[in-house]
Amino acid sequence: MENKEKSTIVLFSGEMDKAIAAFIIANGAAAYDHEVTIFFTFWGLNALRKDAPVKVKKGWLESIFAKMMPRGADKMGLSKMNFGGLGPKMIKHVMKKHNALSLPQLIELAQEQGVKLVACTMTMDLLGLQKEELIDNIEYAGVAAYLGDAADAKVNLFI
Amino acid sequence: MENKEKSTIVLFSGEMDKAIAAFIIANGAAAYDHEVTIFFTFWGLNALRKDAPVKVKKGWLESIFAKMMPRGADKMGLSKMNFGGLGPKMIKHVMKKHNALSLPQLIELAQEQGVKLVACTMTMDLLGLQKEELIDNIEYAGVAAYLGDAADAKVNLFI
Amino acid sequence: MENKEKSTIVLFSGEMDKAIAAFIIANGAAAYDHEVTIFFTFWGLNALRKDAPVKVKKGWLESIFAKMMPRGADKMGLSKMNFGGLGPKMIKHVMKKHNALSLPQLIELAQEQGVKLVACTMTMDLLGLQKEELIDNIEYAGVAAYLGDAADAKVNLFI
Numbered sequence: 001m002e003n004k005e006k007s008t009i010v011l012f013s014g015e016m017d018k019a020i021a022a023f024i025i026a027n028g029a030a031a032y033d034h035e036v037t038i039f040f041t042f043w044g045l046n047a048l049r050k051d052a053p054v055k056v057k058k059g060w061l062e063s064i065f066a067k068m069m070p071r072g073a074d075k076m077g078l079s080k081m082n083f084g085g086l087g088p089k090m091i092k093h094v095m096k097k098h099n100a101l102s103l104p105q106l107i108e109l110a111q112e113q114g115v116k117l118v119a120c121t122m123t124m125d126l127l128g129l130q131k132e133e134l135i136d137n138i139e140y141a142g143v144a145a146y147l148g149d150a151a152d153a154k155v156n157l158f159i
Numbered sequence: 001m002e003n004k005e006k007s008t009i010v011l012f013s014g015e016m017d018k019a020i021a022a023f024i025i026a027n028g029a030a031a032y033d034h035e036v037t038i039f040f041t042f043w044g045l046n047a048l049r050k051d052a053p054v055k056v057k058k059g060w061l062e063s064i065f066a067k068m069m070p071r072g073a074d075k076m077g078l079s080k081m082n083f084g085g086l087g088p089k090m091i092k093h094v095m096k097k098h099n100a101l102s103l104p105q106l107i108e109l110a111q112e113q114g115v116k117l118v119a120c121t122m123t124m125d126l127l128g129l130q131k132e133e134l135i136d137n138i139e140y141a142g143v144a145a146y147l148g149d150a151a152d153a154k155v156n157l158f159i
Numbered sequence: 001m002e003n004k005e006k007s008t009i010v011l012f013s014g015e016m017d018k019a020i021a022a023f024i025i026a027n028g029a030a031a032y033d034h035e036v037t038i039f040f041t042f043w044g045l046n047a048l049r050k051d052a053p054v055k056v057k058k059g060w061l062e063s064i065f066a067k068m069m070p071r072g073a074d075k076m077g078l079s080k081m082n083f084g085g086l087g088p089k090m091i092k093h094v095m096k097k098h099n100a101l102s103l104p105q106l107i108e109l110a111q112e113q114g115v116k117l118v119a120c121t122m123t124m125d126l127l128g129l130q131k132e133e134l135i136d137n138i139e140y141a142g143v144a145a146y147l148g149d150a151a152d153a154k155v156n157l158f159i
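Residue numbers (full-length UniProt numbering), protein chains in the order written: chain A, 1 to 159; chain B, 1 to 159; chain C, 1 to 159.
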């Protein structure tokens, strides 16, 4: 049964606005019955972090990365007009006012709709992120798996 | 007569250099007789704003957004080397020197070539942008329309 | 013999992390026997600069561009957590620790695997970059050549 349309998104960026765009496209495609994969790499991995600190052993550089990077979807900044964190608050406020789903809700919806969320294991190694630190019900893979999905897909985006 | 090649671009970014890249690709594809759609979302919408202020009723947050964001294609900054607005002046200068089309001219050419310019209605709502504030001869749609176009297209980019 | 899968990447961004992502995807695709083209435009061209200064005649604005932009793959900054150049050092350190290829090594590998590296001649003109300043064994072309490749490709990314 390989006749479903496929779409893939690489989420490289670690900003809330770009992650929202990625999930709106992914959820839209899933609603149209596409098989959708989001591949989280580099800063994009931060969208998958649990918001509470997780006790894991890390080297000093990995600890610095862990502290400097936003812990989860709700803590990410904006790619424009961030204003030291005021921008994200403004955007969250208007999204709520318009009954738009927040980023954490968009992620939840994606999981409910069967969007495959894949964490890039190579970047996890580099940034020292461990499975315990990421949300549940995601997959782990490398660039080969991404390319396998992308080669079969009609829509492939890098965000 | 559905045998024309199709291309779509999501213009998410609000910077002049990225918008120029989007329109050069779009105009190139249109010259090769592709059916091209640019879908303007988030900060990319600013490329479609009229350069003169338009009198419309707005809430206070929407008024702040309207003031903070660049009013039209000619006022956008660069993603690199912006230098508080000096960078865009330098780039405009060299583009003129090389007889390259400016961003406003590229947009005009795109419209002449039948490139479909689509403003994302969901982002317009969020940012409080109204139709009167955007240039003429564009379309308005949501993510579903984008996905419909993208699923039929050979080249789909997110910029 | 046109049955090889094709992939294209536009590398627009001038940051090390994005260039690394582009080359990891490109090298992965080449390993799977795809015909891969990376099209370097705008700030992405800096990844192709030789690291030593090259004596060429330039106008004053082109000289400023040449000085302000990173000279080659090893000098590029990060899109996030750059910290005035400390970020790239940290990333290079962890990449070395994990035996990951550095960006210059990834570029070399790409050339060995036959990935086609294409410098955008229009941007070279604008930024005043000359062939002598770029690494060897690359090609030179414009948007038309890119579109020709992209229309035949399954995976097209803009990074």
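Simulated from the structure, these hints should not be mistaken for laboratory data.
Among the clues, some could well be false.
Just so you know, same-sequence chains aren't split out, so a pair can sit in one copy or run between any two.
[What the hints assert, rightly or not] The calculated DSSO-like cross-link candidates involving lysine-lysine, where the alpha carbons are at most 27 Å apart (straight line), are:
(1) K58 <-> K92
(2) K50 <-> K80
(3) K57 <-> K6
(4) K154 <-> K89
Handout entry: Intra- versus inter-copy proximity for K80 and K50 (alpha-carbon distance at most 27 Å)
Key = Answer is both; intra-copy 24 Å and inter-copy 20 Å each pass.
Practice task
Could you place K57 and K6 in one of the four classes (within, between, both, neither) given a Cα distance threshold of 27 Å?
Solution key: Neither: 38 Å inside a chain and 42 Å across chains, both beyond 27 Å.
Problem - Intra/inter-copy verdict for K58 and K92 if alpha-carbon distance must be at most 27 Å - result: Between. Shortest inter-copy distance 18 Å satisfies the 27 Å Cα cut-off; intra-copy 32 Å does not.
Practice task
Measure nothing new, just compare the shortest in-copy and cross-copy C-alpha distances for K154 and K89 to 27 Å and report within, between, both or neither.
Solution key: Result: close neither inside a copy nor across copies, 35 Å intra and 38 Å inter.
Hint violations for this structure: numbers 3 and 4, all remaining hints satisfied.
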